[in-house]
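Peer 1: Add 122 to a position in the sequence shown, counting from 1, and you land on the number used in this note's numbering.
FYI, nobody ran anything at the bench for these hints, they're computed from the structure.
Careful: at least some of the hints might be erroneous.
Think about it this way: if two alpha-carbon atoms lie no more than 27 angstroms apart in a straight line, the pair counts; the simulated DSSO-like pairs of lysine-lysine are [said to hold, decoys possible]:
#1 K341 to K246
#2 K287 to K260
#3 K148 to K193
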Amino acid sequence: MSSPDLGLPADIEALANARFEELHAKGRILYEPTVPEYLKHEGFHFEFRICPFIKSKPIQGPDDDARDKAKGPFVNPKSDEVLCILHNSTGWTHRVMLNKFCMFKPMLLITTYDFELQSDPLNKSDVVALFTTMNSMKTPQLAFYNCGAHSGSSQGHKHMQLFPKPDETKFPLFPSRAHPGHSPHTHYIQTDIEHVPFMHFVKRFPKDADINDVYAAYKHCLDQCLEALIEAGQGTDHNVIMTTEWVALIPRAVQKNDGPWGANAMGMIGMIAVRDASEREQWAKLGYSDYLRQLGLPLKMFPTAEQRWRWHNAVRQEGQKWTYAGVRSEK
Numbered sequence: 123m124s125s126p127d128l129g130l131p132a133d134i135e136a137l138a139n140a141r142f143e144e145l146h147a148k149g150r151i152l153y154e155p156t157v158p159e160y161l162k163h164e165g166f167h168f169e170f171r172i173c174p175f176i177k178s179k180p181i182q183g184p185d186d187d188a189r190d191k192a193k194g195p196f197v198n199p200k201s202d203e204v205l206c207i208l209h210n211s212t213g214w215t216h217r218v219m220l221n222k223f224c225m226f227k228p229m230l231l232i233t234t235y236d237f238e239l240q241s242d243p244l245n246k247s248d249v250v251a252l253f254t255t256m257n258s259m260k261t262p263q264l265a266f267y268n269c270g271a272h273s274g275s276s277q278g279h280k281h282m283q284l285f286p287k288p289d290e291t292k293f294p295l296f297p298s299r300a301h302p303g304h305s306p307h308t309h310y311i312q313t314d315i316e317h318v319p320f321m322h323f324v325k326r327f328p329k330d331a332d333i334n335d336v337y338a339a340y341k342h343c344l345d346q347c348l349e350a351l352i353e354a355g356q357g358t359d360h361n362v363i364m365t366t367e368w369v370a371l372i373p374r375a376v377q378k379n380d381g382p383w384g385a386n387a388m389g390m391i392g393m394i395a396v397r398d399a400s401e402r403e404q405w406a407k408l409g410y411s412d413y414l415r416q417l418g419l420p421l422k423m424f425p426t427a428e429q430r431w432r433w434h435n436a437v438r439q440e441g442q443k444w445t446y447a448g449v450r451s452e453k
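Input sequences plus hints: build the corresponding full structure.
Peer 2: Take a look at the structure:
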């Protein structure tokens with residue numbers, strides 16, 4: 123798969139690893155090796171890691187006015203935290219930076235060069251920056267984006283993240299079980315992966331996909347995700363998870379106040395970072411999958427992927443549109 127020239131260094135991964143070790147040795151990156159705890163609840167895989175350092179992570183609350191202002195750690199970062207600045211034909215677009223709070227090493231941030239809102243969905247420039255960076259790494263990567271305060275985002279400045287993809291023989295990622303679909307139709311999206319307790323939209327990229335194919339797949343999932351949020355009477359908050367093989371979107375409900383620290387995109391795929399044993403125990407009390415079900419939207423809101431595909435074809439032929447409840451309405 124060819125990638126556009128955005129100004130990435132020849133070996134961004136080697137640079138990231140070397141800079142990580144340098145800043146970690148100086149105490150400017152917080153990272154401690156952790157031993158994962160694996161479990162399965164109602165068929166859904168979880169991986170828990172206790173990471174005490176996340177107690178010091180700065181978090182802007184959902185109602186924090188700073189979320190809408192050009193403030194925070196991504197506005198004027200220190201030069202040695204920035205690995206490179208990406209560009210397109212119109213100018214600078216994104217910074218590729220080291221994350222200061224790492225569950226894995228290294229974890230990278232891709233932030234917009236100019237201040238943009240984390241509550242906005244990814245645009246094509248964002249997807250190009252994210253996928254091109256990920257595709258330039260020799261080690262397979264897992265990328266994610268937390269759109270909106272109720273998706274688990276900590277800052278209001280738009281930023282994406284990526285880190286080495288977990289060994290799926292130990293921790294399988296549920297979107298990896300998505301199939302290409304029962305037809306060659308490019309809009310096929312899987313919404314019924316077994317044992318996933320919340321609404322999800324997953325699409326595999328076609329073989330030999332280019333960046334336009336990747337963005338089109340993401341956009342198809344985004345459109346369905348936002349439609350589901352509207353029908354549920356929610357906002358626009360959602361999570362995006364991506365590898366070089368697939369993209370997944372998860373619509374999010376307004377988070378409850380009675381839970382533990384909450385869950386971002388990593389949490390919604392089962393990779394949970396907790397601050398201490400007490401918070402880990404809280405997940406058990408809330409029922410693991412039951413808690414994720416609260417943070418997402420209920421599966422019962424929409425039919426299976428195959429039913430949606432059949433309805434889409436039928437309704438398209440009739441010149442009508444359809445909704446997740448299968449209700450057809452005139453244009």
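Peer 1: Run every hint past the structure and note whether it holds.
Peer 2: Each hint tested on the structure:
no.: 1; hint: K341 to K246; in the structure: 9 angstroms, holds
no.: 2; hint: K287 to K260; in the structure: 11 angstroms, holds
no.: 3; hint: K148 to K193; in the structure: 25 angstroms, holds
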